[in-house]
Every structure is written in structure tokens, then in C-alpha cells.
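**Student:** One letter stands for each residue in the lines below.
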Amino acid sequence: MADDVTTSDVAASPATSPVQGAAGRTSQVRPAASARGGRRRMNSQLRKRLEIFFFVAPALALFAMFVIVPIVTAVQMSLFRWKGIGPLVDFVGLQNYVSVLTNDVFTGAVTHNLLIVGLSIVIQLPLGLAIALLLNRKMWGQSALRTIIFVPYVLAEVVAGVIWLQLLQPQYGVIDGIFTAVGLEGPDQGWLGDPDLALGTLMVVLTWKYLGLAVILFLAGLQSVPEELYEAAQLDGATWWQVQRKITIPLLGPTLRTWGFLSMIGSLQLFDMVWILTRGGPANATTTMATFLVNEGTQRANFGIAGAASVVLFVIALFMAVLYQQLILRRDTRPETGRK
Amino acid sequence: MSAQTMSDLSLAPTTRQRRPGAFRPANVVVYGIALVVVALTLGPVIYGVLGGFRTNAQLAATPAGLPDPWVLDNYIGVLTNPTFWQYTWNSAGVSLITTAVVVIFGVMAAYPLARYEFKGREGLFMVFVIGLLFPATVAIVPLFILITQNLQLGNTWIGVALPQAAFALPMTVVILRPFLMALPKELEEAAMIDGTSRIGFFWRILIPLSGPGMVTVGVLAFVGSWNAYLLPLLLLQGDMKTLPLGVADFSSEHASDTAGVFAFTSLAMIPALVFFLAMQKRIVNGLQGAVKG
Numbered sequence: 001m002a003d004d005v006t007t008s009d010v011a012a013s014p015a016t017s018p019v020q021g022a023a024g025r026t027s028q029v030r031p032a033a034s035a036r037g038g039r040r041r042m043n044s045q046l047r048k049r050l051e052i053f054f055f056v057a058p059a060l061a062l063f064a065m066f067v068i069v070p071i072v073t074a075v076q077m078s079l080f081r082w083k084g085i086g087p088l089v090d091f092v093g094l095q096n097y098v099s100v101l102t103n104d105v106f107t108g109a110v111t112h113n114l115l116i117v118g119l120s121i122v123i124q125l126p127l128g129l130a131i132a133l134l135l136n137r138k139m140w141g142q143s144a145l146r147t148i149i150f151v152p153y154v155l156a157e158v159v160a161g162v163i164w165l166q167l168l169q170p171q172y173g174v175i176d177g178i179f180t181a182v183g184l185e186g187p188d189q190g191w192l193g194d195p196d197l198a199l200g201t202l203m204v205v206l207t208w209k210y211l212g213l214a215v216i217l218f219l220a221g222l223q224s225v226p227e228e229l230y231e232a233a234q235l236d237g238a239t240w241w242q243v244q245r246k247i248t249i250p251l252l253g254p255t256l257r258t259w260g261f262l263s264m265i266g267s268l269q270l271f272d273m274v275w276i277l278t279r280g281g282p283a284n285a286t287t288t289m290a291t292f293l294v295n296e297g298t299q300r301a302n303f304g305i306a307g308a309a310s311v312v313l314f315v316i317a318l319f320m321a322v323l324y325q326q327l328i329l330r331r332d333t334r335p336e337t338g339r340k
Numbered sequence: 001m002s003a004q005t006m007s008d009l010s011l012a013p014t015t016r017q018r019r020p021g022a023f024r025p026a027n028v029v030v031y032g033i034a035l036v037v038v039a040l041t042l043g044p045v046i047y048g049v050l051g052g053f054r055t056n057a058q059l060a061a062t063p064a065g066l067p068d069p070w071v072l073d074n075y076i077g078v079l080t081n082p083t084f085w086q087y088t089w090n091s092a093g094v095s096l097i098t099t100a101v102v103v104i105f106g107v108m109a110a111y112p113l114a115r116y117e118f119k120g121r122e123g124l125f126m127v128f129v130i131g132l133l134f135p136a137t138v139a140i141v142p143l144f145i146l147i148t149q150n151l152q153l154g155n156t157w158i159g160v161a162l163p164q165a166a167f168a169l170p171m172t173v174v175i176l177r178p179f180l181m182a183l184p185k186e187l188e189e190a191a192m193i194d195g196t197s198r199i200g201f202f203w204r205i206l207i208p209l210s211g212p213g214m215v216t217v218g219v220l221a222f223v224g225s226w227n228a229y230l231l232p233l234l235l236l237q238g239d240m241k242t243l244p245l246g247v248a249d250f251s252s253e254h255a256s257d258t259a260g261v262f263a264f265t266s267l268a269m270i271p272a273l274v275f276f277l278a279m280q281k282r283i284v285n286g287l288q289g290a291v292k293g
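Residue numbers (UniProt numbering), protein chains in the order written: chain A, 1 to 340; chain B, 1 to 293.
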């Protein structure tokens, strides 16, 4: 197109900047223009502001309306006792926070969330890394493998959850069938019905659902490890394991740390899978902060309690995010060459 | 083991032997592990699809067996169920509106954040970055009240699509901004000289050139919306429900009809899987972009 021609002409031409100034790029001609001052510059500044407003306003309005306003409302709600009818009048101060923080179900939920954060990283990081390292070689069916491993992640939580619900059915489910076939016995109340087993079972399903994300991200990170390093290591006679330990894993650091962050935030917000599999039961053994607040807010209309739980969830997420940023992600903020 | 030796012998130029593969464990072990991983990954999905071709009696008698004989009734039952199609239609409608809003508003917001110089630009960008930290769950109860009572948008496509788009915007802006920044400055200068305004540049040059970036964020928004559960669960009832709600309902209403549940679930996952297969490169690229940020 004609654009290409003009682009190169302009780039080569020394006359570029004055022309540009006339076209309205005030920032670049400011020293010269300031002497002349002028209405023209005011107008173009105003015009620029209007343009910025025109472009940003729709997104900002949507964001303010459906993200910021509800979050502010949640904070406000948390200070009142309110059943959802009439105006907010029954101000109770921090009483809802006291109720939430002294509620065994909620503190249990916090424990479950933290346990899920920890277990997700302890289980999925080594497993995902091992699979990614093994798949990071030229092999037959490589791209098919990469696609397949990502399938559970693409399925809706509900779809995956309902399938697992069937597999885990007590007595008639295939998992119990397999146990029987090898001479073992499934738990009487079922995998999800036994308070001692439910959280562990949930972790197995979560690992199945989210491992693919870890593998795909790690594989993507592995693409950026320069081939020459491997060649050099081979010349030095390094073993496969030495290469992985000294070259691959350190260079994968930023990817691993970013995945850890995503996994942590996701684990703190966990709702869908738990709601489908157990609704937080049995006996609150799998309640998470999110199922707790949805249950209080929508099933029991304790809006003040739900609001306080929301705020606590957000504060915990923010605190952990900042901590993670300071302790772990900080290394990655140094400017690195060769990465986008 | 033999496979590796064979290929090494047959295509054995020296460069090949220097490849990192040469000091990795034998291929057989790798393929073995890969097979186990595939079996564990796809096993539940395939079991569900095959389970839809069995009867409940078959499932109860031999939980781990194959369909014998193959039964089509479950799948036919779902495919002739108007509710299934109604839910699919709703899912498509909500997802398309969400995607359109996210992509249009997202690229518009990312443009000045990427290519205008103004005071407060980084501050404005930070608003979106911090938005990444707000889970929809935190705001879900006020959101529910806002949409159903204040806006009277409960049980409508738009009432679900708008908040979904709002929560998808931060990620969209964060992905698109570096993308728009990377377009060469000369392009903009040339367009200005040709007499195009910044708005004209946006429409005529930036939008066509940022197609790949917009497809990435669009795919992420579409999949996210298609799979969404919590917000639709609170906002939609009856005929307006989306497919994930339909799956959850069907499985609790027909709890004893395992084969029927398998059929419904298997059919419900087809659209997401097909879309994923068609767009998988985009999804993966988008995730990489998000990680490399």
C-alpha cells in the first residue's frame, strides 16, 4: 500500500519533525511552540484530551459500574446488618467482621483455601515441570500431546465437575469399580461424602483440571531457552539431569514464578468446582471462602456477613499477592534482555 | 529403544547427534510416560462420552466396560430436547455479546494507553492492572443486587454479558497494550503526514494491524464466558439459562440416570472443544503473552 512508501520516505527525511508538529504532535515541538504560545496549541491539547476520553471512557465506565461499584458496595454492606430488603440502616460497625472471623465454618474455609494454594503448588509444580521437560523434545505426536494435555483446562468447570461426580459415585462409579477389581474397597460414604476424604478427592480433581495449564505454560517458557546452551553443555559432557538442573530449570524461573502467582490467585478464589462437587460439604469439609460467601449472600440472605467475607477474601488475596510480588516476583522486575 | 537407534542410523548427519535429545532418557520411557499422561488426562472424558452410549444397567453391571450393545437413546434424547438447544443458544448469545464488548472497549482503551503521551497514563493503566486482582466472587453479591434490582437486567443476556466483559477487561487491556505499543512509530507519523487524525489512524491502520492481538483476547473472553458458572447461576433462570447451568441442572435432576448425564455432558462439551481445537494456537499464544506480559 501507499503507506509503506510514505513510511520509509518519512523516516529518511530530515524534514519530519516540523511537519509533524503542524499535524498536532505538540509534545515534540513544545520548545519552539511555547514562544508562539497560542490558541492552536490549546485547541490541540483539548482535542487530545477529548480523544483520550473518547477511547477510554467506555471501558472505564463499564469497569467502574460492574467492578468498582460492586466492590465498594461489598465494603459498605459489610458494615450493616441487612437482609436485602429496604435501605441500609442497621449499622453494626465491625460486628460482621467479628462474626465472620470467629465463625468456625469461615476459618475452616480460610484453612482449606490456604491448603489448596499450598498443595496446588507442591503437587502441580513438580508434576507439570516433569511432564513439560519430557515433552520438550522432538517426538512423534508432540503437538497432539500438547493439545490433549490442555483439554481438561478448556472444559467448563461444571462439565468437568459433573463427569467426575459420576466417576466418583459410591458403589456404581467406575473409580469404585476399579478399586473393587483390584481387591480393594471404596469408602462407604463415597469419595466426596466422607469428610476425611473429600478435600483430598477435590485436590485430585483440581490437579487433573489445572495441570494442563502448568504444562502448557512451562512448555512455552522452555521455547525461549537458547539451543546453544544445550550444545555447550553437551560439549562439556553434562548428563541430561545436570542440563535440566543447571540450565533449563533456572532459565524457566520467571515462567514458574508467574504460574505460581496465577495458581495462587485461582486457588484463593476457587468456587465452581467445589460448588458442583460438594457444595462445600460434607460437614463443611470442603468449604472455601467463595462458597461460604455465596452461600451466605444468596442462599441465606445474610448480606452483611457475605460482604465482610468478601472483604476478608480480598484482603487475604491482596496481602498474598503483595507478599508474593515482594518476595518472589521481584527478581523478574529487573529489565531482562531478549524477552518481550 | 530400537526406534531411536533406527532413526539415528538412517538420518544420521553429525548435527543430529549433537542435538540435546542425544543425552535424554530413551524414547521408550518417554513415550510410556506420555501414554500414561494421555490416559489420565483423556480417560475421564472418553469414559463420559462412551458412557453416553451405554445403558444404566450396563454401567451398573460393569462400570469399566465398553458399550455392548451401543445405545443411541441417551444422545438422541438430549439432541431432541428443546431445552438443550435453548441453553446452547443462550450460551452463544451471552458469549458473543461479552466477546464483542470486551474486544471493542478493550482495544479502544488500550490505544491511548499505548500510543498517547499524557499525564496520568501509567496511573490509568494501573487501575486496570489492579483490576486483575479483583475476583468476580468478591463482588458477586452486590453485583447480583445491582443487576437485578437497580438495573432491572436480571435474566437477560446483556445483564450477564456486561459484568462478564467488565471483569475480562483488565486482562484484555494488559495483553493489548504492549501489542499496540509494538507497532512502529513511523507508521503513525506517515499517517499523520498523509493528513490522518489520530482517530483516523486508529480505524484505518491500528485496527487492521492489531487483528491477531484482538483475536487472542477475543478467544480468551469467549471461552471464559462460555464456561462461566457463578454469574449465570445467580442471574439466569428458566429458559434463559446457559449450557453450564443446564449441565448442572440435568445432573442433579437426573441423578440416577448416569448414562443420560454422560450424554448431556458430552454434548455440552463439544462446542468448547471444537472452538478450542480451531483456536488453540491463539489460546496458547495469549496465555504466553499474559505470562511474559
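Careful: at least some of the hints might be erroneous.
Claimed, not checked - In silico EDC-like pairs for lysine to aspartate or glutamate, Cα to Cα no more than 16 Å straight-line:
1) A/Lys83 - A/Asp104
2) B/Lys185 - B/Glu117
3) A/Lys48 - B/Glu117
4) A/Lys209 - A/Asp236
5) B/Lys119 - A/Glu51
6) A/Lys246 - A/Asp236
It is worth saying that the hints were derived from the structure and are not from the lab. As the structure is a computational prediction, the values presented were derived from the model and not from experiment.
**Student:** Can you name, in rising order, the numbers of the hints this structure does not satisfy?
**Tutor:** 1 and 4
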